[in-house]
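The opening residue of the first sequence carries number 0 in numbering that gives the first Met the number 0; numbering runs sequentially from there.
Simulated from the structure, these hints should not be mistaken for lab results.
Heads up, a few of these hints could be off.
For each label pair, taking beta carbons as the anchor points, the in silico distance ranges come out as [what the hints assert, rightly or not]: (1) Gln323 - Ile248: 14 to 24 Å; (2) Pro60 - Tyr321: 38 to 48 Å; (3) Leu327 - Ser62: 42 to 52 Å; (4) Gly239 - Glu536: 48 to 58 Å; (5) Ser62 - Asn5: 35 to 45 Å; (6) Gln124 - Gln323: 15 to 25 Å; (7) Gly409 - Leu524: 22 to 32 Å; (8) Glu265 - Gly239: 31 to 41 Å; (9) Gln523 - Asn5: 40 to 50 Å; (10) Asp583 - Arg183: 54 to 64 Å; (11) Ala363 - Gly563: 37 to 47 Å; (12) Pro269 - Tyr154: 22 to 32 Å; (13) Ser594 - Asp252: 21 to 31 Å; (14) Leu327 - Thr407: 35 to 45 Å.
PhoX-like mimics (lysine-lysine), calculated; alpha carbons at most 20 Å apart, straight line [claimed, not checked]: (15) Lys547 - Lys219; (16) Lys198 - Lys589; (17) Lys559 - Lys195; (18) Lys78 - Lys139; (19) Lys547 - Lys198; (20) Lys67 - Lys182; (21) Lys139 - Lys10; (22) Lys10 - Lys143; (23) Lys549 - Lys219; (24) Lys237 - Lys78; (25) Lys182 - Lys143; (26) Lys255 - Lys278; (27) Lys70 - Lys143; (28) Lys10 - Lys78; (29) Lys10 - Lys38.
No experiment lies behind these values; they were computed from the predicted model shown.
Beta carbons: idealized from backbone N, C-alpha and C, even for Gly.
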Amino acid sequence: MTESENIHLPKTDESDDLKRIRHTFSHVMAMAVQRLFPKAQVTIGPWTEYGFYYDFDNPDPFSDKDLKTIKKEMIKIIKKDYAIEREEVSREDAKKRIAALGEPYKLEILEGLEEPITLYHIADQWWDLCAGPHVESTRKLHPKAFDLESVAGAYWRGDETKAQLQRIYGTAWETPEQLQEYKRRREEAKKRDHRKLGKELGLFLFSEDVGPGLPLWTPKGTLLRSTLEDFLKQEQVKRGYLPVVTPHIAKVDLFKTSGHWQKYSEDMFPMMAETEEAKANEMGFVMKPMNCPFHIQIYKDELRSYKELPMRLAEFGTVYRYEQSGELGGLTRVRGFTVDDAHLFVTPDQLDDEFLKVVDLILAVFNSLKLKNFKARLSFRDPDSDKYIGSDDVWEKSQNAIRRAVETLGMEHFEGIGEAAFYGPKLDFIFTDALGREWQLGTTQVDYNLPERFDLEYVAADGTRQRPVMIHRAPFGSLERLIGILIEEYAGLFPLWLAPEQVRLMPVTAEQLPFAQQVAEQMQLLGVRVMVDRSGERLGKMVRNSEKAKIPVMAVIGAKEVEGNSLSIRTRQDGDLGAISVADVITRLKEALDSHGYF
RNA sequence: GCCAACGUGGCUCAGUGGUAGAGCACUCGAUUCGUAAUCGAGCGGUCACGGGUUCAAAUCCCGUCGUUGGCUCCA
0 MTESENIHLP KTDESDDLKR IRHTFSHVMA MAVQRLFPKA QVTIGPWTEY GFYYDFDNPD
60 PFSDKDLKTI KKEMIKIIKK DYAIEREEVS REDAKKRIAA LGEPYKLEIL EGLEEPITLY
120 HIADQWWDLC AGPHVESTRK LHPKAFDLES VAGAYWRGDE TKAQLQRIYG TAWETPEQLQ
180 EYKRRREEAK KRDHRKLGKE LGLFLFSEDV GPGLPLWTPK GTLLRSTLED FLKQEQVKRG
240 YLPVVTPHIA KVDLFKTSGH WQKYSEDMFP MMAETEEAKA NEMGFVMKPM NCPFHIQIYK
300 DELRSYKELP MRLAEFGTVY RYEQSGELGG LTRVRGFTVD DAHLFVTPDQ LDDEFLKVVD
360 LILAVFNSLK LKNFKARLSF RDPDSDKYIG SDDVWEKSQN AIRRAVETLG MEHFEGIGEA
420 AFYGPKLDFI FTDALGREWQ LGTTQVDYNL PERFDLEYVA ADGTRQRPVM IHRAPFGSLE
480 RLIGILIEEY AGLFPLWLAP EQVRLMPVTA EQLPFAQQVA EQMQLLGVRV MVDRSGERLG
540 KMVRNSEKAK IPVMAVIGAK EVEGNSLSIR TRQDGDLGAI SVADVITRLK EALDSHGYF
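With the hints as constraints, model all of the structure from the sequences given.
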């Protein structure tokens with residue numbers, strides 16, 4: 000264990016001291032900013048997981064260069080050892096004092112506060128409306144245990160239609176050692192970044208000529224993708240899913256019926272229309288942002304009997320969403336992606352049971368992928384928003400169905416209000432990437448709305464026409480995002496079954512090439528993805544190249560191995576294992592592949 | 001979409017007003033080699049793109065495109 004691994008990085012929620020330190024830093028920064036930029040108006044400045052930020056309204060945006068100046072000013076303030084004092088005042092008093100300073104945002108904040116109103120003073124130099132708590136004096140802040148990290152635009156009250164403020168992010172710790180350790184871990188995390196590893200491992204790329212957010216998959220990346228697809232397809236066959244294939248575009252009308260055109264068109268690529276007239280009459284085609292309306296057409300193709308339900312239609316359907324340019328990033332947020340989609344058409348009686356089966360499948364998939372760090376979110380609608388379709392009654396019913404499911408399973412979960420799809424609530428599975436950002440992967444949704452909008456029916460046992468309920472579900476969420484997360488989770492070191500190149504054979508000299516070739520063919524026949532290193536480099540170089548390419552199993556072939564019909568195996572995790580007979584190597588490869596484990 | 005930073009051979013990066021550089025990769029030659037880099041030579045860039053300032057621009061200014069960190073929004 001290195002020395003730095005002994006340094007504990009406390010979390011804000013486990014250390015009140017740290018909370019006070021960070022909160023005080025944000026005020027010291029605000030004071031520094033107002034000294035340097037007298038026109039800057041203060042707003043809010045909370046602590047965060049790694050530090051703090053403060054939002055300002057300033058006539059000119061801050062640049063990275065300003066951060067250095069602000070940091071210096073902060074250090075000056077810290078070294079002055081100013082006392083920090085709390086003062087309780089009446090609402091009226093607070094209002095007068097804030098108005099005197101000309102701080103409109105603070106006045107707005109004051110309106111939402113309950114008495115007693117508290118002010119915090121940094122000596123007699125500066126004060127801010129704040130609930131606290133803070134450290135007793137600026138000396139309690141270590142001038143070498145913080146840093147200003149970045150500037151960003153941020154909307155007042157998080158609302159796009161309100162003023163854009165300037166946010167300055169900082170990181171702050173109790174000791175300089177903790178700051179260094181934090182920075183070191185950040186550097187480590189960057190090495191796991193799927194964008195960096197994806198390039199190094201040659202899995203996917205983006206081309207400026209193709210367009211932003213539109214990934215292209217190399218042969219290696221495609222092997223990874225299809226391995227994942229094949230795996231899920233097998234699991235679905237075991238569970239009675241039926242495969243379908245549908246087009247990438249459809250008439251606007253289809254999406255009017257579904258409600259996408261009304262509630263989702265901002266996220267859709269613009270309509271393609273043959274003539275201006277067609278365009279004016281909305282008679283064109285659009286790229287599909289979701290697969291559901293297409294699967295619904297297949298359901299509707301025949302009059303369905305209750306005996307056919309549940310009907311589970313599955314497709315790896317590639318969808319296109321016009322994400323705002325600033326939101327794109329690597330594989331986790333793209334404009335064209337493949338959903339491991341399925342739509343289940345069920346009778347109301349079957350709903351609970353089918354929903355549980357879907358959750359069971361999703362959890363089984365995560366288990367096979369060795370993904371453990373996720374949270375389950377009940378994504379419900381925001382009753383005050385108009386971005387949803389359907390009646391209150393139907394929403395109540397579908398949200399309750401999801402609640403029942405997590406309760407039956409005893410699954411830990413949290414609620415996300417306003418996180419529902421426009422047509423129904425979801426149970427989402429949230430993962431975290433190397434840099435700590437959260438992403439939704441698997442999802443399953445209960446939907447009474449689309450069956451109604453498309454007037455779906457089945458004939459019940461008593462001969463009456465009934466309306467089915469739909470379950471939308473995608474265990475991966477999307478192949479792109481899943482692979483992004485997998486790359487980071489494994490740090491590029493895929494388990495054998497997922498590795499694009501599973502075995503690399505390295506002949507010590509050219510003399511062993513024919514034997515290597517023969518072994519390779521033997522392995523290929525069994526479905527092993529194997530390559531022979533024909534570079535003619537020295538063994539040390541070949542090993543280095545294989546290690547850098549993160550090949551799970553390396554096999555050295557010299558004169559001894561040819562003689563004994565064996566391979567000297569080196570694995571990434573265990574190093575040199577010595578000579579093993581070709582037959583045994585193949586047996587062990589098969590075992591590792593079948594168990595989704597390592598060699 | 002908004003705010004900021006960045007964009008130099010395939011990759012990683014140096015060069016901040018005066019004739020485009022390095023390492024790796026690639027090609028060729030020599031070496032036939034035992035578990036993370038053999039030696040040598042060669043090829044390769046109108047410095048993202050378009051405009052402007054200047055005797056002179058990779059370098060300064062403006063615009064566009066792209067990438068990154070945030071905000072808003074989402075698989």
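Going through the hints against the structure:
Restraint check, Gln323 to Ile248: a C-beta distance of roughly 22 Å satisfies the suggested window 14 to 24 Å. Taking 38 to 48 Å as the suggested C-beta distance range, the pair Pro60 and Tyr321 does not conform, at roughly 27 Å. At roughly 24 Å, the beta-carbon separation of Leu327 and Ser62 lies outside the given 42 to 52 Å, and the hint is violated. Between Gly239 and Glu536 the beta carbon distance is about 52 Å. The supplied range of 48 to 58 Å therefore holds.
Between Ser62 and Asn5, the C-beta spacing of about 38 Å keeps the proposed range 35 to 45 Å intact. Range check, Gln124 to Gln323: Cβ separation about 41 Å, and the 15 to 25 Å hint is violated. The hinted window of 22 to 32 Å between Gly409 and Leu524 is violated, with their beta carbons roughly 47 Å apart. In this structure the hint that Glu265 and Gly239 lie 31 to 41 Å apart at CB holds, the actual value being about 37 Å.
Between Gln523 and Asn5 the Cβ separation comes to about 48 Å, which falls inside the hinted range of 40 to 50 Å. With their beta carbons about 42 Å apart, Asp583 and Arg183 fall outside the hinted range of 54 to 64 Å. Distance hint for Ala363 and Gly563: a CB-CB separation of about 42 Å, consistent with the stated range 37 to 47 Å. Between Pro269 and Tyr154 the beta carbons are some 26 Å apart, a value that agrees with the proposed interval 22 to 32 Å.
Taking 21 to 31 Å as the suggested C-beta distance range, the pair Ser594 and Asp252 does not conform, at roughly 49 Å. Range check, Leu327 to Thr407: Cβ separation about 38 Å, and the 35 to 45 Å hint holds. A hinted pair counts as satisfied when its Cα atoms are at most 20 Å apart, and Lys547 with Lys219 qualifies at roughly 15 Å. Between the alpha carbons of Lys198 and Lys589 the distance comes to roughly 29 Å, so the proposed pair goes past 20 Å and is violated.
Annotation: proposed proximity of Lys559 to Lys195 is violated, straight-line Cα distance about 39 Å (limit 20 Å). Between Lys78 and Lys139, the direct Cα distance comes to roughly 10 Å. Compliance with the 20 Å bound is thereby established for this hinted pair. In summary, the hint linking Lys547 to Lys198 is supported, as the alpha carbons are separated by about 12 Å, within the 20 Å threshold. Taking the CA atoms of Lys67 and Lys182, the gap is near 18 Å; set against the 20 Å cutoff, the hint holds.
Of the supplied pair hints, the one linking Lys139 and Lys10 holds, its CA atoms being roughly 18 Å apart against a limit of 20 Å. A distance of roughly 19 Å separates the Cα atoms of Lys10 and Lys143; the hinted pair therefore holds under the 20 Å criterion. Straight-line distance between C-alpha atoms of Lys549 and Lys219 comes to about 12 Å, which keeps the hinted pair within the 20 Å bound. Between the alpha carbons of Lys237 and Lys78 the distance comes to roughly 68 Å, so the proposed pair goes past 20 Å and is violated.
Distance hint between Lys182 and Lys143 is fulfilled; the C-alpha atoms sit about 13 Å from each other, no more than 20 Å. Between Lys255 and Lys278 the CA atoms are separated by roughly 15 Å; this keeps the pair inside 20 Å, and the hint holds. Taking the CA atoms of Lys70 and Lys143, the gap is about 11 Å. The hint holds against a cut of 20 Å. Taking the CA atoms of Lys10 and Lys78, the gap is near 26 Å; set against the 20 Å cutoff, the hint is violated.
A hinted pair counts as satisfied when its Cα atoms are at most 20 Å apart, and Lys10 with Lys38 does not qualify at roughly 34 Å.
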